Amino acid sequence: MSGHLGPDILARARQLISLYPEPRSALVPLCHLAQEQDGWLRPEAMAEIAELVGVTPAEVQGTASFYDMLHLEPVGTYLVSICTNISCMLDGGLELLEHAEEHLGVGAGGTTPDGKITLEEAECLADCDHAPCVQVNHRYVGAQTPETFDALIEDLRAGRRSDEIPSHGTLIRVRRDGGLRADPEQVASERAAMAEAKARRAAEAAEAAGGEGGS
Amino acid sequence: MAEQPAGAPAAPTDATEGDFTFTLNGRPARGRKGEMLIAAAERAGVFIPRFCYHPRMKSVGVCRMCLVEVTGPRGAALQPSCYLEVTEGMEVVTDSPKVKKAQDGVLEFLLVNHPLDCPVCDKGGECPLQDQTLAYGPGESRFVEEKRHFEKPIPISDLVLLDRERCIQCSRCTRFAAEVAGEAQIDFSGRGEMIEVSTFPDEPFSSYFSGNTVQICPVGALTAVPYRFTARPWDLDQVESTCTTCAMGCRVAVQSSANRLTRILGIDSEPVNHGWLCDKGRFAFESVNAEDRITQPMVRRDGELVPTTWSEALDQAAAGLRRAMTDGGPEAIGVLGGARLTNEGAYLWARLAKGVIGTDSVDAQLGDGLPAETVLGLPRATIAEAASAATVVLLCGDLREELPVAFLRLRAAAVDGTTALVELAPQRSALTPLTTSFLQYRPGDVVELARALTGTGGPPQGVDAGALESARQHLGSGDVVVVLGRPSLAEDGAMVAEAAEVLAGLPGVRFLSALRRGNIHGALDMGLAPGVLPGRVGLEEGGAWFERAWGSVPARRGRDCTGILSSAAGAGDDESRVTALVLLGSEPSVDVPDRDLARRGLGGASFVVAVTSSPGEAVDRADVVLPAAEAHERPGTTTNIEGRVSRVAQKLVPPGQAWPDWMIASELARYMGSDMGIDSMAAVWAEIERLAPAYAGITADVLDAPWARDGVVAPFAGAPVSQAAVPLDPIAVPGVESVERQGAPPRAGSAVTPTAGPDGQVTVEQGTGGQGEGRPPVLAGPAGINAPHVAPTDSYSFRLVVGRTLYDGGTAVAMSEALTPLVTSAPLRVNPHDLDDLGITTGDLVRVRTARDSVVVPVAADPGLARKVVATELNVPFGDVTAGDLIDATSPVVELRLETP
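Which chain is which? The protein sequence lines are A and B, in order. Quick note on this note's numbering: the first sequence kicks off at 1 and runs consecutively. Quick note on this note's numbering: the second sequence kicks off at 1 and runs consecutively.
Just chain A, with the same shape it has in the complex (with noise of 0.2 angstroms):
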């Protein structure tokens, strides 16, 4: 199944791969790196990161299934996410989301007929002091009422936040400062420092064993 991701996207897998003792580790960031080539999750993505870190492709489904910001169906160029906790509710996200889903045609988990945008109704954001909160592409757009939100997405079909939103599936947190680097040297120092440790704790352990042993 291999050949789904991109030169690029897979060397940063092999990178991400050799941060961790165990390669099954990197599942998580690994989906996310598909997902930033593919904007969700294809199978044949799956199945590729299942034979890098050596699971089987139903396990990085079970894994991948478990997370919201995972998707296993299509999504469009931008995934809105409204809120509907207490906060955003008692400041209207319910009928904000009701007014979206008119908006656009279609309801809360779908996409509209042009690819374009994937509505979502969230759990909390971490925004309340700007509720309704609302969020595109995992990135805060600030409260919104139902007119801005109709400008927003006008704005977000034209194109004119692709500066500031790309599309679905680039998060920066996995970029690290544009690119995960991984100095090899410094995993090397600090993997030889564990495994002293560990020895060290150990030998510390069967002294005192034989020490008690011999009282």
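Hints listed in this document are in silico derivations from the structure and should not be mistaken for laboratory results. Misleading hints may appear alongside valid ones.
[Said to hold, decoys possible] Listing some non-contacts, in silico: residues in chain A with all C-beta distances to chain B over 12 angstroms:
no.	residue
1	LEU72
2	GLY115
3	ILE165
4	ALA205
[Claimed, not checked] With a cut-off of at most 27 angstroms between alpha-carbon atoms, the simulated DSSO-like pairs for lysine-lysine come out as follows:
no.	chain 1	residue 1	chain 2	residue 2
5	B	LYS100	B	LYS58
6	B	LYS101	B	LYS147
7	B	LYS33	B	LYS58
8	B	LYS101	A	LYS198
9	A	LYS198	B	LYS147
10	B	LYS100	B	LYS147
[Stated by the list, open to error] Interface residues of chain A toward chain B, partial, derived using beta-carbon atoms under 8 angstroms:
no.	residue
11	PRO43
12	VAL55
13	THR56
14	PRO57
15	ALA58
16	GLU59
17	GLN61
18	SER65
19	PHE66
20	ALA195
Fair warning: this is a prediction, and the values are worked out from it, not measured in the lab. The C-beta atom is built at its ideal place from N, Cα and C for all residues, glycine as well.
Assemble the complex: chain A is given as a structure, and chain B must be docked to it using the hints.
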């Protein structure tokens, strides 16, 4: 209960045994270090309800059904007893109002989304959820909302269906797949209330062990296609028996309804299968139910097989065999097969062939085995010893394909990190990823490799020097078990035997046979091989002993399967040609790897008697057909790969006029003018115990003793066998017996036939190991095999490796409706660089030329193969032919050339 012999260790699950005392419901109980509280309580006779806990898997504590009150520093608190190790002085209460309330709550929550379709659910009547709700539940639900809905059932494999609505998310199936089988093709997906077991798109749960998930599922979420809607559990009648689909000898519960088999379930046998079965063993019972079974005697009249009476068929068989003897002496008769027989059947056929007819040309192995003297003579290890050895050397085929449950045992040992695996094979197997050294050799180099490993020779070309060095370090551990089988069927077994005998020089080495065919070890032990007599005795050493008992024994060593078939085919010009064949449940054109030889041998014989239960080429060619009872249709004993003798039970009345094999042998002897004086199966066993040295002391009483429920290993030294006092997984005890164990109200009668225990004392012959009293010695030590030398090849030719696959064209699969569709065709696998040289790629056709044939088959790239080595599997479609058409039994290796067609 039978008295245990002196020196018997207490059963390991005895409630009084333990490292320390803790308090359970106000009474003192014994706990062991590292033991889970739920298990300690169970040993003390207190059943704690559970769903997710399974003693053969790691605890996860997800279902919360096993909550009990444990007094800790902050007072009594509810804790999951499956996830809490018992400790000294622990105070545990399992029946307080607080515990009861927790159980009520957990069950009410579990039932929130569980459909109440028990009346149409296969699990109904033997369902742990049903039973434990009855015993511990609230009885009423306050839930009035809509339950969750899914499409149902959905197939997760060809054999298993999933009903997601019934699932209670205990994770037994997903943990089994990941932890035990090592194939996590099913996993939970989703979260919270919408969690579900799922497969990846287009990747079904194709594990050979998928049926186990159906058995351990505590609800009706997983059902097996062959059993679904065929029976209600309370209508089933069952016996405990031993599976003889392969030679592992897993303990099973055989269930039937109206004289048809309905289901096979695994029983937890500590020394053998730990409760697991492979899907072939679980579902191949359909072949017993098959409509086209041979059920009446037939004789050939004017070229046509016509049904007749037993007396006429036996008369004709006796006459034909006598005619062959008159013309060519006893050696004109060859007997092929015997692994489908019980020990009793095998013994009596061996006596008929060797004692009455006088031919030693008898072979239960069909060209796919090893010399009997090697298998019987090398020091032996048990399965448990292999699974706990410091080093296991794999010199065998892919165990997952050949002895699936042995694969599970060794996989567990390797995953635990307690056992180092060293594999010697021409191609990769399912265990290869777990090996510490994988020594890939070119077919024909196995003896050289063994010498290199024991330091008596240089390494063969192409073997990885690093892996060799690492392997040599492990081989010095002094605790080495060699799993000995056939790494490739296109390589002479004698070479593997010689390699094994070289490895026998290692310190502390023992061998575990990996011959796979049904009761092959019983057949060899009973003398169904050239050069041996019953009880693992050589013809020479045991000749006098058996001559006294039987009246006569063969004058000289006979031919093996290849020899018998070659002689029948007219090869060689000796006067003692084999002209008559007796086929004991064997189907040479399928079973013998060299298919051409099998056809010529069968065609060349002038008289063929087929003792069989299934139609096929053997019957088509036979002059006399004698219908034999199948597994589950006759009682007896069987012997597994470690020499463990255990009971097989009769569950069905044989169809039509089929007879048990021992009876056919006994009657045929009578028709040949020699009464063996046998009138019952018990009489056969008594004679085996008396005459066969390796079986001395294994009396019927011993086999029926409660402590020998798992069978006893031959030679029997008088040591009793440990037997779990409580079933390890009481909620998956086969059948409705589990209901009582879970605390539900008692019901009338047990569906499990209790193992018959003699009332009196069991007399155990102690410590003889079968020796003494004038008995001949059992075979011991290497047989001194000298394999033919393999000439070096020119650089154009390839060497062939032929492995096996679990679902092949053998009789058991071919006659089982559910398994037949699982047979897939095999391409010729070739190293990708060799494919590049040929200018072809996966899916293309290639012309294969051997010394005697040329066929066109599809190829597939296999980077796991060495250059100039190609591989495929026996008995599955391979282009328009099968791999058997390429194998030449008379040549030590099979060389071939590849050309673009």
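Here's how the hints hold up against the structure:
1. LEU72: violated, 8 angstroms
2. GLY115: holds, 22 angstroms
3. ILE165: Consistent with the label, ILE165/A stays out of reach of chain B, its closest Cβ about 27 angstroms off (over 12 angstroms).
4. ALA205: The claim stands: ALA205/A keeps its Cβ more than 12 angstroms from every Cβ of chain B (closest is about 18 angstroms).
5. LYS100/B to LYS58/B: Holds, because 26 angstroms separates the two Cα atoms, which is no more than 27 angstroms.
6. LYS101/B to LYS147/B: holds, 23 angstroms
7. LYS33/B to LYS58/B: The hint holds at about 16 angstroms.
8. LYS101/B to LYS198/A: violated, 45 angstroms
9. LYS198/A to LYS147/B: Cα-Cα ~51 angstroms, so violated.
10. LYS100/B to LYS147/B: Satisfied, since the Cα-Cα distance of roughly 25 angstroms is no more than 27 angstroms.
11. PRO43: holds, 5 angstroms
12. VAL55: holds, 7 angstroms
13. THR56: OK, holds: THR56/A within 8 angstroms of chain B, min 5 angstroms.
14. PRO57: For PRO57/A, the interface hint holds, since the closest Cβ of chain B sits about 4 angstroms away, which is under 8 angstroms.
15. ALA58: For ALA58/A, the interface hint holds, since the closest Cβ of chain B sits about 4 angstroms away, which is under 8 angstroms.
16. GLU59: With a closest approach of 5 angstroms, the GLU59/A hint holds.
17. GLN61: Since the shortest Cβ distance to chain B is 5 angstroms, the answer is holds.
18. SER65: The hint holds - SER65/A has a Cβ within 8 angstroms of chain B, the shortest such distance being about 4 angstroms.
19. PHE66: holds, 5 angstroms
20. ALA195: Violated - the Cβ of ALA195/A stays beyond 8 angstroms from chain B, reaching only about 18 angstroms at its closest.
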